[in-house]
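Novice: Just so you know, the protein sequences line up as chains A and B, in that order. So the first sequence is numbered by the numbering used here: it starts at 1 and just counts up by one. So the second sequence is numbered by the numbering used here: it starts at 1001 and just counts up by one.
Everything labelled a hint here was simulated from the structure, so no lab data went into it. The reader is advised that the hints may include incorrect statements.
Said to hold, decoys possible - Every beta carbon over 12 Å from chain B, so not counted as near; a handful from chain A, in silico:
1. 269
2. 292
3. 339
Stated by the list, open to error - Covered by chain B, according to a simulated footprint, are these stretches of chain A (three or more residues, beta-carbon under 8 Å):
4. 131 to 145
5. 278 to 290
6. 294 to 300
Said to hold, decoys possible - The calculated DSS-like cross-link candidates involving lysine-lysine, where the alpha carbons are at most 25 Å apart (straight line), are:
7. B:1253 / A:146
8. A:33 / B:1149
9. B:1318 / A:302
10. B:1322 / A:320
Backbone N, C-alpha and C define an ideal beta-carbon position, used for all residues, glycine too.
Residue-level listing of the chains:
Protein chains: 2
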Amino acid sequence: MEDNMAKVAVLGYGTVGSGVVEVLDTNAAEVSKSAGEALEVKYILDLRDFPGDKHEAQVVHDIDVILNDPEVEVICETMGGIEPALTFEKRALEAGKSVCTSNKELVAAHGPELVELAEKNNVSYLFEASVGGGIPLLRSLNDSLKHEKVDSITGILNGTTNYILTKMDKEGAAFETVLKKAQEKGYAERNPEADVEGYDACRKIAILASLMSGKHVHYEDIYTEGITKINIHDFEYARALNMSIKLLAMCKKNENGFFTMVAPFLVPYENPLASVNGVFNAISIHGNMLGDVMFYGKGAGKNATASAVVADVIDIVKHKGKHIEINMKAEKAVLSPKDNAVRNFFVRVSDDLEEQAREVFGNGVEVVKRNSIHGEFAFVTEPISEKDFEEKLWKMDSVKGYIRLY
Amino acid sequence: MEDNMAKVAVLGYGTVGSGVVEVLDTNAAEVSKSAGEALEVKYILDLRDFPGDKHEAQVVHDIDVILNDPEVEVICETMGGIEPALTFEKRALEAGKSVCTSNKELVAAHGPELVELAEKNNVSYLFEASVGGGIPLLRSLNDSLKHEKVDSITGILNGTTNYILTKMDKEGAAFETVLKKAQEKGYAERNPEADVEGYDACRKIAILASLMSGKHVHYEDIYTEGITKINIHDFEYARALNMSIKLLAMCKKNENGFFTMVAPFLVPYENPLASVNGVFNAISIHGNMLGDVMFYGKGAGKNATASAVVADVIDIVKHKGKHIEINMKAEKAVLSPKDNAVRNFFVRVSDDLEEQAREVFGNGVEVVKRNSIHGEFAFVTEPISEKDFEEKLWKMDSVKGYIRLY
Chain A
1 MEDNMAKVAV LGYGTVGSGV VEVLDTNAAE VSKSAGEALE VKYILDLRDF PGDKHEAQVV
61 HDIDVILNDP EVEVICETMG GIEPALTFEK RALEAGKSVC TSNKELVAAH GPELVELAEK
121 NNVSYLFEAS VGGGIPLLRS LNDSLKHEKV DSITGILNGT TNYILTKMDK EGAAFETVLK
181 KAQEKGYAER NPEADVEGYD ACRKIAILAS LMSGKHVHYE DIYTEGITKI NIHDFEYARA
241 LNMSIKLLAM CKKNENGFFT MVAPFLVPYE NPLASVNGVF NAISIHGNML GDVMFYGKGA
301 GKNATASAVV ADVIDIVKHK GKHIEINMKA EKAVLSPKDN AVRNFFVRVS DDLEEQAREV
361 FGNGVEVVKR NSIHGEFAFV TEPISEKDFE EKLWKMDSVK GYIRLY
Chain B
1001 MEDNMAKVAV LGYGTVGSGV VEVLDTNAAE VSKSAGEALE VKYILDLRDF PGDKHEAQVV
1061 HDIDVILNDP EVEVICETMG GIEPALTFEK RALEAGKSVC TSNKELVAAH GPELVELAEK
1121 NNVSYLFEAS VGGGIPLLRS LNDSLKHEKV DSITGILNGT TNYILTKMDK EGAAFETVLK
1181 KAQEKGYAER NPEADVEGYD ACRKIAILAS LMSGKHVHYE DIYTEGITKI NIHDFEYARA
1241 LNMSIKLLAM CKKNENGFFT MVAPFLVPYE NPLASVNGVF NAISIHGNML GDVMFYGKGA
1301 GKNATASAVV ADVIDIVKHK GKHIEINMKA EKAVLSPKDN AVRNFFVRVS DDLEEQAREV
1361 FGNGVEVVKR NSIHGEFAFV TEPISEKDFE EKLWKMDSVK GYIRLY
C-alpha cells in the first residue's frame, strides 16, 4: 500500500535542520494544505545520535541510505560549509532528488552549477533561506518580480554587524565593547571575522547578484569592506548629517555595466534602510516599472530560517516532476571595476586641513562640525568617482578614515 | 495556423489599464520569459476611442466581443467601482476566462464569491494589485507564507493619509492645509473622504483579513476611524513619547477571537512602521515560525500597480487549465467586538485634570508634558480594554481627544 506523503530527508540536525523538522511538525496541517499533500521526514542525517529525541528513529549516519531510497523526493541540506555538503547535494540531484538549502557559503560558491545539474536531472535546486533568513525574497524575485527589469538590489544582509552598528550608534560604545557583548549574548560568533569583515554579506550579495545578472557572480570578485574601522565619532558626524551608518551590500546595473560591492555607507534618514536596526535585515529592490520595494525581517534565527527552507520544500512538492527555473547560469559574470562608481565621500583628517581639503577636492566640499570632537577636521566631498577619490585622498595629510555616502 | 501567444483583454483604459498595457509592451521579453510564452493584448474595452494611440486597433466598446472570443484567456479588470465591473467579471469567469483585478472596492465586497466562481469554472481569480500597489504581498501570503500560522497583519495601507500625517508631523502644518496641498499635487482626491475617513484602508484590510481567516470579512463590520481629528499638537506629544502617528489597519487572531480595525495609532519609533513616511505603504505580517516580516513600497502609482496586475496575468498563464487556490470562502467571517482589545490610550483634556485622571484611570497614568502647549492636560493610561476605556472616558470632563497606542 502506498501512502500519499512526500518523503523528505534532512541533512544535518543542527540549529536549522532541527528547526526544519520542528516547522514540519508544528505546522503540519498548514504545510500539507500548502503543498497539496502531507510531508514526512523519513531520514535525518547526522554524525551524532539523538537518544530521546522525538525523531530519534529517523536518524541515520550514512548518506547512501537516503540516496538509495527511491521514496525520498526532497533533500534539505542544512549542514553548512562546502564539504561534504557539496558532494551530498550533487549526488542527490544526480539521483533525481530535489535539493533545498540554507547554505549560503555553498550556494555562493557553487549555486549556478547546482541549478544547472538540477535542470539536467529535471529536479529543482532552491535556496530561499540562504539570504535574508525567513524573508520571502528569492521566491518574489524569481516569481512576482520576474517580469521587472531589476536594476539594483541593496541590502542590510548581516544581522550581527547591524546589531553592532546600532548599539555603537545608540549607546556611544566602542566597536570592541559592543562586539564582546554581542558575543556574550550569542549574537556574534566567537570568531567574528566572517561577519565583521563583511564576508557573510559578500556571500549573500553574490547570490543576489547572480540571480540579478543570470550568471555566476564569484564572491571573490566582490569588493568587500567590513565595519572594523568605524568608530564612535563617525556616528556623531553621521547624526550631524542626518544619516545612519549601515553595512550595505549592493549590486547595480547601469551604463557603466554591472557592479557589486559590500561596504559601510552613510545612509540618509529618509531612506528606509537607515532605520533598519538591531539584528534585522532589509533588502530594497528597484524595478523599472515597480519602483522600489523593500523586504524586512529577521535575517537569521532557527525558526525563521527553517520556515524559508520549508517554503522551498513545499514549492518542490508542488512542482513534482518539473524543474523550477532559476535565473542563474554557471557562466562567470563580468563585473565592472568599482573605479567608475560616482558618489560623495565623508572624510576625517587629523588636523584642521580645510584649506588642503578645498585644494584637493575643490571648493564644493562640505565641512561637518561636531563641537564634541577636537583635533580633527571632517568633510563631505562633491560627487566623485571611486578612482579619483582614491588618487586625491593620497594628497591629503593624515587621513583618519572615510565612509561612502549612499 | 495557431500562434503561441496568450491573449489578454484589458477592461478600462484609464490609469491602471493603460499601465498594464505599457508594462506588457515595455517588458515584453521579461514577461514572456516569466510566463513561459508571449502575451498579447487582443482587446481593450473602454467607452472612449483612443485615436492615435498605439493600441487604437485593440479598443472595443462591447464586452461581448471579448467574452465570445475563445482565444482570450485572461481578463484584467482595471475599471474600478462595483458595476459594471462585477457583472463583467462574473460573466468572464463563467465563460471560462481567468480574471485579475486592481479593484479593491469590488474585491472587498465580492472577492470571496468570485474566487468560488473561478474555482467552479476551473479558472483563477487574482487581485495582487488591490492591496499595497506593486508590493508582492498577496502572492507571498498565498505562497511562501502559506505554511505559517499567521496571527497578525498590520499595515499602513493608504498612501494619501500617510503623506498627510508625515507632512503634519515634519512641517507642523494643520490637517486642512496639508490636505489642500496634497489635492493640488494630485496626492489626494478632490473628494478626499475615502482616504481621510479610512474607508480605503478599511477595504484593503478587509481583503487581507479575509485571506487570513479564509472567510469573507465584510468591510462594513470593521471598526474604522480616519485621521480628521488628529491635530498638530498630537504630533508634539507623540515626539515626547518617541512615537509617530500612523493610520494603521490591522487584523489579529488571539484568545479573544479574530479582530480587525482601522484607526490612527501612536507607534513607537523602534517599530519599523513608525518610520514609513510619505506616500509609502508597509505591511507587517507575523507568523508563528517566521516571526515578523515587513513589506514596504509605493502603495499606488500607475506603473507599480500595473506591474502587480501583470504578475497576476503571468501567474494565470503559468497555471493554464488550473484553478489557483485562494484561501477565501464566501462564508461570512465572525469578528470579535473591539471591546475586549486591551491597549494604552493617549488622552488630552481641556484643563489640568491630573487628579481626576488618576481617580478615573488609576494612579498608573503617565503624564505627558509639552512646554509649548498650554491650557490642557495629557496622559497615557495603563493597558485597559476598549470597553472600559470608553466607559471611563465619560467620567472625564472636557475631553479634547484620544489616540490608541500600538
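Novice: Hinted pair, alpha-carbon criterion (25 Å max): residue 33 of chain A, residue 1149 of chain B. Please report holds or violated.
Specialist: Satisfied, since the Cα-Cα distance of roughly 12 Å is no more than 25 Å.
Novice: Would you check whether the claim that residue 292 of chain A is not at the interface survives, using Cβ distances to chain B and the 12 Å cut-off?
Specialist: The assertion about residue 292 of chain A is violated, with a minimum of 6 Å to chain B.
Novice: Is residue 1318 of chain B within 25 Å of residue 302 of chain A, Cα to Cα?
Specialist: 33 Å, violated
Novice: For the pair supplied as a hint, residue 1253 of chain B and residue 146 of chain A, confirm whether the alpha-carbon distance does not exceed 25 Å.
Specialist: 33 Å, violated
Novice: State whether the coverage of the stretch 131 to 145 of chain A by chain B holds or is violated, taking the criterion as 3 or more residues with Cβ-Cβ distances under 8 Å.
Specialist: holds (count 8)
Novice: Under a C-beta cut-off of less than 8 Å, do 3 or more residues of the stretch 278 to 290 of chain A approach chain B closely enough to confirm the stated coverage?
Specialist: Answer holds; 5 residues pass the 8 Å Cβ test.
Novice: Counting residues of the stretch 294 to 300 of chain A with a beta carbon closer than 8 Å to any beta carbon of chain B, are there 3 or more?
Specialist: With 5 residues close enough to chain B, the hint holds.
Novice: Take a quick look at residue 269 of chain A and tell me if its Cβ sits farther than 12 Å from every Cβ on chain B, holds or violated.
Specialist: 8 Å, violated
Novice: Test the statement that residue 339 of chain A is away from the interface with chain B: the closest C-beta pair must be farther apart than 12 Å.
Specialist: About 30 Å separates residue 339 of chain A from the closest Cβ of chain B, which puts it past 12 Å; holds.
Novice: CA of residue 1322 of chain B to CA of residue 320 of chain A, is that 25 Å or under?
Specialist: Distance of about 15 Å is within 25 Å: holds.
Checked against the numbered hints given earlier, this structure breaks hints 1, 2, 7, 9; the rest are met.
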